[in-house]
Each structure stands twice: as C-alpha cells, then as structure tokens.
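Chemist: Could you build all of it, start to finish, from the sequences and the hints given here?
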Amino acid sequence: MSVRVYDLAHARAGDKGNTSNISVIAYDGKDWDFLRRELTCERVMQAFRHVAKGPVRRYELRNLNAFNFVIENALGGGVTISLAQDIHGKSLSNVMLAIELPERG
Amino acid sequence: MSGRKTVRVGAGAGTSDDRMLPARELAERGDIDYLVFECLAERTVARENLARSKNPDLGYSPSLHERLRMVLPACVERGVRIVTNMGAANPVGGARAVRREARDLGLGDIPVAVVLGDDVASVVRGRPDLTIMENGEPLESILPKLVSANAYLGADVVCEALATGAPIVLTGRVADPSLFLAPMMHAFDWSYDDLPKLAQGTAAGHLLECTASVTGGCFGWPGKKDVPDLARNGYPFADVAADGAIRIGKTPDTGGRLDVMTCTEQLIYEMHDPQAYITPDCVLDITGIRLVQEAPDRVRVEGAAARPRTGTYKVTVGHADGYIGEGEVSYGGIDAVARAKWAAEIVKERLRLQGFSYDDFRVDLIGLSSLHGDGDARPEPYEVRLRMAGRTPDRRAAHAIGFEVRAMHMHGPGGAGGACEPRVRDVLAVKSVLLPRQFVNPQIAVEQGR
Numbered sequence: 712m713s714v715r716v717y718d719l720a721h722a723r724a725g726d727k728g729n730t731s732n733i734s735v736i737a738y739d740g741k742d743w744d745f746l747r748r749e750l751t752c753e754r755v756m757q758a759f760r761h762v763a764k765g766p767v768r769r770y771e772l773r774n775l776n777a778f779n780f781v782i783e784n785a786l787g788g789g790v791t792i793s794l795a796q797d798i799h800g801k802s803l804s805n806v807m808l809a810i811e812l813p814e815r816g
Numbered sequence: 003m004s005g006r007k008t009v010r011v012g013a014g015a016g017t018s019d020d021r022m023l024p025a026r027e028l029a030e031r032g033d034i035d036y037l038v039f040e041c042l043a044e045r046t047v048a049r050e051n052l053a054r055s056k057n058p059d060l061g062y063s064p065s066l067h068e069r070l071r072m073v074l075p076a077c078v079e080r081g082v083r084i085v086t087n088m089g090a091a092n093p094v095g096g097a098r099a100v101r102r103e104a105r106d107l108g109l110g111d112i113p114v115a116v117v118l119g120d121d122v123a124s125v126v127r128g129r130p131d132l133t134i135m136e137n138g139e140p141l142e143s144i145l146p147k148l149v150s151a152n153a154y155l156g157a158d159v160v161c162e163a164l165a166t167g168a169p170i171v172l173t174g175r176v177a178d179p180s181l182f183l184a185p186m187m188h189a190f191d192w193s194y195d196d197l198p199k200l201a202q203g204t205a206a207g208h209l210l211e212c213t214a215s216v217t218g219g220c221f222g223w224p225g226k227k228d229v230p231d232l233a234r235n236g237y238p239f240a241d242v243a244a245d246g247a248i249r250i251g252k253t254p255d256t257g258g259r260l261d262v263m264t265c266t267e268q269l270i271y272e273m274h275d276p277q278a279y280i281t282p283d284c285v286l287d288i289t290g291i292r293l294v295q296e297a298p299d300r301v302r303v304e305g306a307a308a309r310p311r312t313g314t315y316k317v318t319v320g321h322a323d324g325y326i327g328e329g330e331v332s333y334g335g336i337d338a339v340a341r342a343k344w345a346a347e348i349v350k351e352r353l354r355l356q357g358f359s360y361d362d363f364r365v366d367l368i369g370l371s372s373l374h375g376d377g378d379a380r381p382e383p384y385e386v387r388l389r390m391a392g393r394t395p396d397r398r399a400a401h402a403i404g405f406e407v408r409a410m411h412m413h414g415p416g417g418a419g420g421a422c423e424p425r426v427r428d429v430l431a432v433k434s435v436l437l438p439r440q441f442v443n444p445q446i447a448v449e450q451g452r
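Protein chains in written order, with my numbering: chain A, 712 to 816; chain B, 3 to 452.
Nothing false has been slipped in among the hints.
Not the full set, but computed from the structure, chain B residues with beta-carbon under 8 Å of chain A:
(1) Glu-136
(2) Ile-326
(3) Ser-372
(4) Leu-430
(5) Val-432
Short derived list, chain B residues pointing at chain A, Cβ under 8 Å:
(6) Met-263
(7) Thr-266
(8) Ile-291
Using 30 Å as the maximum straight-line C-alpha spacing, the simulated BS3-like pairs for lysine-lysine come out as follows:
(9) B:Lys-226 - A:Lys-741
(10) B:Lys-227 - A:Lys-727
(11) A:Lys-801 - A:Lys-741
(12) A:Lys-727 - A:Lys-764
To be clear, the hints were calculated from the coordinates, so they are not data collected in a lab.
Here a beta-carbon is modelled for each residue, glycine too, at the ideal position from N, C-alpha and C.
Modeler: In structure tokens form, the structure reads like this:
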C-alpha cells in the first residue's frame, strides 16, 4: 500500500518573492530516511506542475527530522503582483502532504 | 536591566494584520521585559510612503494607535520596553502619535527613540546600475516608477536606540529577527564578534517573529495536530540568558500549544538554504539546532551557528506597476462547472472585442482549482465560484473585468448568481537590490519634551 506524505510528516509553506518554501517534518525520526529516499525533487516537481514552474531544491535538516523544499516560480510573480487568491501560497503545503509515495521496501 | 541573568522578550505582533488582544495578555501577565511588534510586510512601507506623500503626518502603521492603546498602560506600569517597526515610512510621525496616545491615556510624557536611515530612495536613484535580485535587470528599469526604497537595518542601530533609555523604540524597516535580537544585545552587551550568541538570538527572533505561528496558529489539524483552545491562543516570548541560552514560552493561562513540532515549523518558515539565512546581523545556520521540550509549553533552543554579517544591506524597492482588476460570480447545481467555464470564455471574448489586453490574466474556479491549479481526477463540486483577474497598466481595462463578470447575471449562461462589484486596486510591486553598507547611514533621534 502506498503512503502519503501526510501520514508521515507535517508541513508548512512560506514565501519570499516568487519562491515558495515548504518544510516537511517527520513525526517520527525513523521515517526521515524513507522520506529522503522517496520524496525527491522530481516527485515534488511532478506534484506541483500545475502550480509552479520550478526548479525545486531540497535541503536536509537531519537534526530537526525535516526537509526544506524551495520551489521557484511558484507564486504568480510574487505576493505584490500575483493574481492568485492565495498570494502567499500558504495553502501549498497541502499539495506536498497529498503526495503519494511508493510502498516501503 | 544589566546584571539580570535572563531577559524575557515577547512578541506582540507578527504582521500588520495580526490580532491585538494577545499582546495585551502578554504585557499584563507574561512578566516580560521587552515587547516587540513586527508589523511591516514587504510592500507595507511602499504603501505608507504613498500615505505620507498625501499627508506628511501619516505614513506610520495605521494600527499603531490601537495596538499601543492596548498595551501602554501595562507596559508603563511594569516597565516593559517596546520595540516596533510601526514607524514604517514615517517613524518620527509615528513617535509623535505614540506620545499623544500616552498623554491621552494619562501616562504622561514618554520619550520615544526613533531609528532613521532605512529610507535610501535618494541613494538608489543615483545607482541605476544596481542589479534587481529577482530578474537580473538593472534598477534603472523601474526607477521612473519608484515609490520607495528601504534597507533592512540590523539590530545594531536598534541597540543604540535602546541605549538612550527611552521606553519605546520606533523604527521603519528593520529585519524582523533583528527587532528581537536588539534587546538581547542591549541587555547583555553582546558584540558582533559573539557569533554563537548572535546566532541563538537571531534564531529566537525568527521563532518569535510570527507570534502565534509558534503557539499553534497556522498549525492545527483536527484529529492529526490538535491544538487546545485555539480560539484563545497566546503569544510567545523568549527567555534569553547572557550566554545565549534560549527558552521559548507563552503567556500563562492562554490557549494554543508550544512544542517541538510548532517550533520546527516556524524555524524553517520562509527559509531557503537553512545553512545561510541572511540577516543584517549574521548569516544563520539552523542545521545544528536542537529543540528540546523542557516542560509543557516550554522549548529549549540550542546549537544555532552563524557566520559574520555580509557587506551589504538588502533593500526593498517599491514601484507602481499598474492595476489589478477582478470579478466573481457563482454557479450551482447541474453542470455548474461547465456553465462557469463557458462564462469565462464569454468574458474573455468580450474583453478582447473591446480591445483590452493584460500583462497577466487568470481564471479561477473557486471550489475546484483556485488554490492548487488543475489537478488530476478531482470530483466536480456542487457549486463553483468563477473568479477572473487581470493585471494591466490601463485602469479601464482592469475595471472591465469585474464589470463583464458581473454582467454574467444578464448576459451569460443560465443561473448565474451573487456577482460581486467590480474590484480594481493599484499594484505596488516590490523588488530587491543589495546595497553596500557604506551607502546606508542608520541614525537615531529621540522625541521628547514639548
């Protein structure tokens, strides 16, 4: 059975200009390696393809059982000129949480 | 304050629209030494520059009056010093407003220290060669429409303001964590060579700068991440020791939660490279940080590291960028989505026939695709709200969007309801440039006496 990011981690989105950053924080540190292997930049970009042009970078924060995904060209040009309703992209963490990951080997 | 083993720095606001009551609770019951209000979003200073250009007494944060009325009595009684960037584009005007509020409350004549020098509009006008960070173009490209240019000042000049002894410090643009770091540097005489302490203080500032976001706001999820009594969530504070030890807590007897999970979300918030979070005071590295739950609603922060501050200030440049027009109308029941999509095509065609064009245009189906774009295999909602928005230099073209969307009541697919009035707003866009430190001259002044 596949598992969603939602099942293993919590997340929060922030904004700087036209770039969204989304933290992914494992509830249990034991899941961090699995997330590291499966929650790749490619998989994240695929999930965000309707929202962002990318690219996506991933930073690892092992001490905090976390990752930080930085997604460029994600906010309609930035808070001040965006035509979106959610100009800050606050709701984008939920795109991350809905990503399905393959079964653990 | 010096000689004390710890100081307690509280967060009273984390954005211009932040809630006000929790700040009063913190001032009255939080046993704090400093109360910091961070109230400037990216474009706020640009907007307040326009306000000041119409009335030289304005240009400070409009929420200043109500926020300070709420906390001044408790702060004066308890000796809590206030640090805030609510001066926005007019810190001197803001200081005068604060002093009037204090007199009206019967609190007497309160000196206010003012931080100046963040306004670098005249400097950048002479530097058209500066590179815009967002698009790599020269600053020259937006100089004709320049509204404001403000450097993110650091904690150093805020420390100077605190050293005057004035109970209140009012600034314009200062980096958010620096507002919180300044009282710590002032209380313990930390210098810019004390990098581990600057790192701890900056991390604490980052944890506090969004107030309730570290006490359960922007966090809760029913059944998954429950937050007790979220309606009454309290604001946070940091207990800071001279050696840089940090503990985060919140106002006693308030709702919300403060734990390793809430702190972790806030720590990574709005961060890009977690080894290089650049502030005017240092380059923070959070990757070595450990968060430890010491007690209920009490988290110890340790292990922050930093490299020395950079040779530049980040400057936010505000410029006029046309208009955004928008309109909305709803469809419900059978084929609601199909009718909304048809209406969108009709509106677009009518705008085109009138010769209007747009730099950017957007169609949202609220209830289906407005937040996360067109996803795969989503169920059709029972009802949907069509929203259309466009950006253009032509105010008439902006207005026409909402006008034509509203006309769907009479001139579109069947069963349209609840259109809003056409909306048009001025666009104040912001860009960023880096300005070498020698071009910025932070200063202080004190408003006092008659």
